[in-house]
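The listed protein sequences derive, respectively, from chains A and B.
All residue numbers for the first sequence refer to our numbering, where the first residue is 1 and numbers rise by one.
All residue numbers for the second sequence refer to our numbering, where the first residue is 1 and numbers rise by one.
Treat the hints as calculated values from the structure; they're not laboratory data.
Among these hints, one or two may not hold up.
The calculated label-pair distances, taken between Cβ atoms and stated as ranges, are [unchecked claim]: (1) B:Trp178 x A:Gly71: 47 to 55 Å; (2) A:Pro54 x B:Asp163: 50 to 58 Å; (3) A:Gln171 x B:Gly82: 49 to 57 Å; (4) B:Lys164 x A:Ala51: 46 to 54 Å.
Which residues of chain B face chain A? A partial, calculated answer using Cβ under 7 Å [as the list claims (entries may be wrong)]: (5) Tyr79; (6) Gly82; (7) Leu104; (8) Ala108; (9) Tyr109; (10) Leu205; (11) Tyr228; (12) Leu230.
Negatives, chain B to chain A, calculated, CB over 10 Å [unchecked claim]: (13) Glu38; (14) Ala175; (15) Val184.
None of the values given here were measured: they were computed from a predicted structure.
Yeah, the Cβ is synthetic: ideal placement off N, Cα and C, and Gly gets one too.
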Amino acid sequence: MSGPIPFSKRRYFPAILGLGSCAGAVLLVELLVYVELLNRFIIPPPSDVVAAFPRVILEEHVLSRFMLTAGEALAASVLVTIFGVAGGVLLYQFNLLRLATETWVAAIAAAPLVLMYPLYLVIFGRNATTIVMMGFTAGLAPIILKTLEGLAGTRRVLINVGRSFNLTPSQQFWKILFPAALPTIFVGMRLGLIFALINIVGVEYLINFGGLGQLINELAERFDIAGTYAAICFVIVVSIIVFMLTERLERWLRPAG
Amino acid sequence: MAETGRLTAPARARRWVQAHPVTTLRIVIIVAVLLVWEGLARSGWLYRDVVPSWVAIGRALVVTLSDATFYWHLYTTFYEIGWAMVIGGVSGLAVGILLGGSKLMQRAYEPLLYYLGPCPKIIFFPVMIMWFGVGPGSKIAMGAISCFFPVALNVAGGMREIDKVLIRVGRSFRANTWQMVTKVYMPAMRHPIINGVRLGLGVCLIGTLLAETKLSNAGVGFLVIQSYTLFNMPHMYSLLIVLFVIAIGANALIGKLGGLDQIRRS
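Extracted from the complex, chain A is given alone in its bound form:
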């Protein structure tokens, strides 16, 4: 008969350890601020940050700001999906075009495109279009590359089955290639959405316009330190939730085995 499992071997111990360490670090900061080893005008006590949450949520209209950022992210995601998937399909259909431009698309994916935001400010003005277009630009290349990868990675046997049924090129695409490539395309869409969201919040902060990014900038400019930290925590929580949701969706779409 084996004895009871020690606490350190329990399934939830690592999660408790990780979250417990974070809580310990927060308490340590609280203590260090309390004994004035840390300057409370630079690092506010975590209790002040927690207390600032209701104020920031109610007085700074966080819900409407969140909806604005979410709307921008949604618009950028729709654009990125339409143009990215279409671009990937185009490169798959025309092999010469793919050979000529695939490395360019990969290079664009590695370029710091977000630095083009002053250019977009000039072209589109200081409004939501600039933010959406910035998100679109940042998220486009990963979707093109992943769509191409998904279509090119379709198993030969599936394509041969389609041919044996004398499918037209259109049927072959919609009934064989596209469904087979869908999980990989979704990986690209997830990457594109994350890139778009990062850039959208970043540009909102930089140009002081829009939703959650602007909120952080405004609170920092007002020198509302506890509020700034609370807003940063809020954005982190939102991005973690979005990341987890897209991850769940991706797992759900991925074929079993």
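Following the hints, put chain B in place on chain A, whose structure we already have.
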């Protein structure tokens, strides 16, 4: 050879096009983009100078590259990025080795890094300004935070993929922790480390330059936002071209030096 010599120029060109279709298409695309751009610049459909002529951009590029102050700003940016890469890279490497070396540490702390990694790091900039001031310190901190996550996650993943035989060999020679890290872990994780550094450099560059555009009086990011403020669009385009060439070139160079291109081919 003799037959080629008898061909007329158009026939030779046709044969070259048939022999190099990819290069030909690339040239066609570049020429088409340049022509459309130039047409747009001269059409007057957009506000003047929003899409400047290639001639103006080329002239601005020459002026930028022959200006000594540009190199001082470039040096400032490189200085910030260099320190950010050292701080973020070394701490990412250490954390990655710690997480990859222990199952408990991995399960306790890696999810935190994994979910914090994709957050937009620029939102930490107000805090970095409070902690490190408006000088290069806050930009270095922004770059270091950006760089830390990809390096740590790649190294942790790489640690788990090290051949267990190599670790057993190290232990059988009674290697101490430092020797295990330098003689076994690091050489075996060369590719994940290089890949992490490559990804880290990309985001470090973005973090540092964005911080420079927000609040700075030096660096290429500052020059970009200054040309926006002065509406000197050809200068802005020339700076963006230089930055993109540097970023893409550095990315390709690290991949090549680390042998990442060979992994993909094999």
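Each hint tested on the structure:
1. B:Trp178 x A:Gly71: 47 to 55 Å: 53 Å, holds
2. A:Pro54 x B:Asp163: 50 to 58 Å: Given a distance of about 53 Å, which is inside 50 to 58 Å, the answer is holds.
3. A:Gln171 x B:Gly82: 49 to 57 Å: Cβ of glutamine 171 (chain A) to Cβ of glycine 82 (chain B): about 56 Å, so the range 49 to 57 Å holds.
4. B:Lys164 x A:Ala51: 46 to 54 Å: 50 Å, holds
5. Tyr79: 18 Å, violated
6. Gly82: 17 Å, violated
7. Leu104: This interface hint holds because 6 Å falls under the 7 Å limit.
8. Ala108: Where the cut-off is 7 Å and the nearest Cβ of chain A is about 4 Å from alanine 108 (chain B), the hint holds.
9. Tyr109: This interface hint holds because 5 Å falls under the 7 Å limit.
10. Leu205: 5 Å, holds
11. Tyr228: 4 Å, holds
12. Leu230: 11 Å, violated
13. Glu38: At about 17 Å from chain A, glutamate 38 (chain B) clears the 10 Å cut-off, so the statement holds.
14. Ala175: Nearest chain A Cβ is 27 Å from alanine 175 (chain B), so the label holds.
15. Val184: About 25 Å separates valine 184 (chain B) from the closest Cβ of chain A, which puts it past 10 Å; holds.
Comparing the model with each numbered hint stated earlier shows that hints 5, 6, 12 do not hold.
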